[in-house]
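2 protein chains.
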Amino acid sequence: MIIDCHGHYTTAPEPHNVWREVQKANFKAGGNVDPAYPDISDDEIRESIEKNQLRLIKERGADLTVFSPRASTMAHHVGDEAVSKAWTRRCNDLIKRVVDLFPETFVGVCQLPQSPGVDIAHSIGELERCVNELGFIGCNLNPDPSGGMWNGPPLTDKAWYPFYEKMVELDVPAMVHVSGSCNPNFHATGAHYINADTTAFMQFIQADLFKDFPDLRVIIPHGGGAVPYHWGRYRGLADMLKKPLLRDHVMKNVYFDTCVYHQPGIDLLFRVIDTKNILFGSEMIGAVRGIDPETGNYFDDTKRYVDALPISAEDKAMVFEGNARRVYPRLDKILKAQGR
Amino acid sequence: MIIDCHGHYTTAPEPHNVWREVQKANFKAGGNVDPAYPDISDDEIRESIEKNQLRLIKERGADLTVFSPRASTMAHHVGDEAVSKAWTRRCNDLIKRVVDLFPETFVGVCQLPQSPGVDIAHSIGELERCVNELGFIGCNLNPDPSGGMWNGPPLTDKAWYPFYEKMVELDVPAMVHVSGSCNPNFHATGAHYINADTTAFMQFIQADLFKDFPDLRVIIPHGGGAVPYHWGRYRGLADMLKKPLLRDHVMKNVYFDTCVYHQPGIDLLFRVIDTKNILFGSEMIGAVRGIDPETGNYFDDTKRYVDALPISAEDKAMVFEGNARRVYPRLDKILKAQGR
Chain A
14 MIIDCHGHYT
24 TAPEPHNVWR
34 EVQKANFKAG
44 GNVDPAYPDI
54 SDDEIRESIE
64 KNQLRLIKER
74 GADLTVFSPR
84 ASTMAHHVGD
94 EAVSKAWTRR
104 CNDLIKRVVD
114 LFPETFVGVC
124 QLPQSPGVDI
134 AHSIGELERC
144 VNELGFIGCN
154 LNPDPSGGMW
164 NGPPLTDKAW
174 YPFYEKMVEL
184 DVPAMVHVSG
194 SCNPNFHATG
204 AHYINADTTA
214 FMQFIQADLF
224 KDFPDLRVII
234 PHGGGAVPYH
244 WGRYRGLADM
254 LKKPLLRDHV
264 MKNVYFDTCV
274 YHQPGIDLLF
284 RVIDTKNILF
294 GSEMIGAVRG
304 IDPETGNYFD
314 DTKRYVDALP
324 ISAEDKAMVF
334 EGNARRVYPR
344 LDKILKAQGR
Chain B
14 MIIDCHGHYT
24 TAPEPHNVWR
34 EVQKANFKAG
44 GNVDPAYPDI
54 SDDEIRESIE
64 KNQLRLIKER
74 GADLTVFSPR
84 ASTMAHHVGD
94 EAVSKAWTRR
104 CNDLIKRVVD
114 LFPETFVGVC
124 QLPQSPGVDI
134 AHSIGELERC
144 VNELGFIGCN
154 LNPDPSGGMW
164 NGPPLTDKAW
174 YPFYEKMVEL
184 DVPAMVHVSG
194 SCNPNFHATG
204 AHYINADTTA
214 FMQFIQADLF
224 KDFPDLRVII
234 PHGGGAVPYH
244 WGRYRGLADM
254 LKKPLLRDHV
264 MKNVYFDTCV
274 YHQPGIDLLF
284 RVIDTKNILF
294 GSEMIGAVRG
304 IDPETGNYFD
314 DTKRYVDALP
324 ISAEDKAMVF
334 EGNARRVYPR
344 LDKILKAQGR
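The listed protein sequences correspond, in order, to chains A and B. Here this note's numbering = 1-based position in the first sequence + 13. Here this note's numbering = 1-based position in the second sequence + 13.
The hints are simulated quantities; they were obtained by calculation from the structure and are not laboratory data. The C-beta atom is built at its ideal place from N, Cα and C for all residues, glycine as well. Careful, some of the hints might be misleading.
Unchecked claim - Mimicking EDC-like on lysine to aspartate or glutamate, the simulated pairs with C-alpha atoms at most 16 Å apart in a straight line are:
#, chain 1, residue 1, chain 2, residue 2
1, A, LYS256, B, ASP305
2, B, LYS255, A, GLU117
3, B, LYS255, B, ASP221
4, B, LYS256, A, ASP305
Unchecked claim - Output of the computed footprint for chain B on chain A, the stretches with three or more beta carbons under 8 Å from beta carbons of chain B:
#, stretch
5, 202 to 214
6, 285 to 293
Claimed, not checked - Pair by pair, the computed Cβ-Cβ distance ranges are:
#, chain 1, residue 1, chain 2, residue 2, range
7, B, PRO227, A, PRO48, 47 to 57 Å
8, A, LYS64, B, VAL181, 47 to 57 Å
9, B, LYS255, A, GLU34, 21 to 31 Å
10, B, ASN164, A, ASP47, 26 to 36 Å
11, A, ASP132, B, ALA42, 33 to 43 Å
12, A, ASP287, B, GLU327, 51 to 61 Å
13, B, GLU178, A, GLU60, 52 to 62 Å
14, B, THR24, A, ARG142, 29 to 39 Å
15, B, PRO227, A, LYS37, 33 to 43 Å
16, B, LEU258, A, ALA321, 52 to 62 Å
17, B, ARG260, A, ALA321, 34 to 44 Å
Can you build the whole structure from these sequences, using the hints too?
Encoded structure:
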């Protein structure tokens with residue numbers, strides 16, 4: 014089967030987005046930051062999915078998407094902790110409804126109620142709720158809740174450790190995923206996303222996080238940012254920092270997805286990164302929605318690029334399914350319970 | 014001939030670095046930020062070059078290096094404008110001495126006296142001095158003089174325009190090159206450098222800088238950051254932003270060097286980027302100084318990777334020489350005056 018590890022609900026029904034605007038306006042006016050949530054019918058949700066993700070999943074031939082709230086609108090820098098908490102809960106609850114309506118096509122991954130300067134331990138409650146009560150299988154962890162100001166501690170700082178302890182206990186991985194950028198230097202999907210991926214990987218090289226958490230699993234999306242292209246640089250920097258080889262130091266815990274939107278990029282990814290570290294992903298419907306005039310296909314139809322790789326059927330099965338079942342053990346359990 | 018477009022004087026004689034420490038101490042103490050400069054003999058400079066860059070240039074078989082002050086110690090965020098101005102002048106004067114001692118092996122590119130929050134127009138005087146008086150052929154332009162805080166305007170902001178006007182008038186290109194990072198999230202050479210390259214490219218996509226300056230030429234080092242690996246993403250984002258094709262919108266003015274420290278990365282670079290946009294570079298002796306255990310060669314011996322490419326002799330001549338002569342017209346003039 015074909016599991017897409019990277020999908021966001023970018024097509025949520027409009028009342029959900031309107032609620033967020035009301036919330037933000039209320040925050041500015043000093044009002045209620047958790048106003049009444051609109052009635053959104055199952056049909057509205059069904060339609061938003063069937064016309065979009067589900068249509069493309071069928072067209073492109075995938076089976077299941079690991080689904081989370083829209084990344085660019087997590088916007089942890091907006092408002093304060095209470096704003097982030099209320100918004101996050103609404104977003105995750107909406108994902109749960111999608112999963113319940115399409116239980117064979119979507120599994121949930123949660124947004125976290127991060128907020129700049131707020132202890133990440135405050136996000137543990139929502140992680141537990143989503144995993145234990147909603148049946149989610151992982152989380153999106155924002156390495157820069159400031160939205161492009163980068164004024165918090167690196168991911169390897171001890172401040173993050175209580176959260177990692179909970180991840181290990183629950184046996185869920187995190188995708189390192191920033192949100193929108195409020196820094197005019199950084200275009201969100203063209204710079205901030207890719208920079209964050211690169212930054213996180215280098216933080217992992219500098220520290221010994223995975224010595225402290227040998228069971229922690231992290232997915233770096235967008236093909237690992239700049240990392241595979243500069244794999245020699247990172248191997249060389251690890252050497253200069255007197256760290257072990259990357260395969261021992263980082264790559265027992267870190268995975269890259271295939272959200273790289275052209276064949277040469279995917280070819281490079283598979284040339285330098287072990288297949289066991291690559292998870293199929295498309296981030297569809299996401300940052301790049303057009304058709305590549307050079308191929309006539311959607312830029313983000315990453316399955317085509319993987320299909321075109323000269324690798325064995327076993328390797329493809331790892332990338333499309335096996336690795337995801339291994340990285341998300343709770344996904345594997347759900348699938349087995351479904352007889353898949 | 015073989016021209017390396019990207020070398021920094023990372024092995025400057027120790028008294029030069031000591032002067033900088035004195036300067037910084039004086040700044041803190043409210044003292045003279047332009048103290049007397051030590052006597053550094055020609056022999057000291059000769060030795061620092063002959064033992065290092067010159068030795069490797071000969072070993073690796075290059076002919077000439079476009080040489081500028083050490084990037085990581087430009088540190089525009091340290092001190093204030095007067096500190097940056099005095100330090101920059103000392104650094105550029107030292108490059109001039111190297112060029113005078115080895116006029117067939119080095120040509121100068123200048124550091125700029127940038128300072129956070131200070132108008133870039135204040136850097137025009139030093140650019141003019143270096144080009145008109147010292148015979149330099151280009152400059153290193155720091156897109157983030159804050160050192161990882163990214164609190165200045167994007168490179169496409171009108172605030173930079175007076176400097177671009179002078180670049181065009183003098184017919185010199187800029188390499189977009191950040192310095193050290195004082196943000197604990199960003200390792201200097203492992204994250205900040207690569208992020209800056211990616212960021213600059215995306216800024217160029219978002220704006221219409223090269224419509225306003227059709228003759229402006231910019232080199233994005235380190236193989237263009239993440240850009241070639243994500244070339245599909247950038248083509249797709251340009252499309253979503255309703256910009257022209259990248260080849261018309263950006264790639265008439267932007268060049269990438271070959272500072273990518275493994276064969277698969279160089280292969281990708283040449284697969285997706287037009288040869289006319291690629292300049293040979295190594296950034297030697299720089300960020301990554303070790304030997305790749307997988308090949309037995311230095312990571313930063315990028316000439317080997319280019320030599321190994323299955324491209325025509327004409328294409329190699331463009332990358333090693335022709336493109337550099339075109340992008341740096343003042344280099345071409347110097348070489349012609351030398352009968353080369």
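- Query: Taking the beta carbons of B/ARG260 and A/ALA321, is their distance inside 34 to 44 Å?
  - Reply: 24 Å, violated
Query raised in the report: Does the alpha-carbon distance linking A/LYS256 and B/ASP305 stay inside the 16 Å limit?
Result: 14 Å, holds
Task: 8 Å C-beta test of the stretch 285 to 293 of chain A against chain B, three or more residues - done: Check failed, 1 qualifying residues.
Quick check: does the Cβ-Cβ distance between B/LEU258 and A/ALA321 fall within 52 to 62 Å? 24 Å, violated
Determine whether the Cβ-Cβ distance between B/ASN164 and A/ASP47 falls within the hinted range of 26 to 36 Å. 33 Å, holds
Quick check: the stretch 202 to 214 of chain A, covered by chain B? Criterion 3+ residues, Cβ under 8 Å.
holds (count 7)
- Take a quick look at whether B/LYS255 and B/ASP221 sit within 16 Å of each other, Cα to Cα. Holds - the C-alpha atoms of B/ASP221 and B/LYS255 are around 12 Å apart, at most 16 Å.
Query raised in the report: Measuring from beta carbon to beta carbon, are A/ASP287 and B/GLU327 in 51 to 61 Å?
Result: Hint violated: Cβ distance 37 Å, outside 51 to 61 Å.
Taking the CB of B/PRO227 and the CB of A/PRO48, does the distance hold inside 47 to 57 Å?
At 52 Å between Cβs, range holds.
Check your understanding: For the pair supplied as a hint, B/LYS256 and A/ASP305, is the alpha-carbon distance within the 16 Å limit?
Key -> 14 Å, holds
Open item on the list: I want to verify a distance hint. Is the separation of the beta carbons of B/THR24 and A/ARG142 within 29 to 39 Å?
Closed with: Since the Cβ atoms of B/THR24 and A/ARG142 sit about 57 Å apart, the hinted range of 29 to 39 Å is violated.
Checking one constraint from the list: CA of B/LYS255 to CA of A/GLU117, max 16 Å. Satisfied? Violated, because 37 Å separates the two Cα atoms, which is more than 16 Å.
Violation of the numbered hints given earlier is confined to hints 2, 6, 12, 14, 16, 17; the remaining hints are satisfied by the structure.
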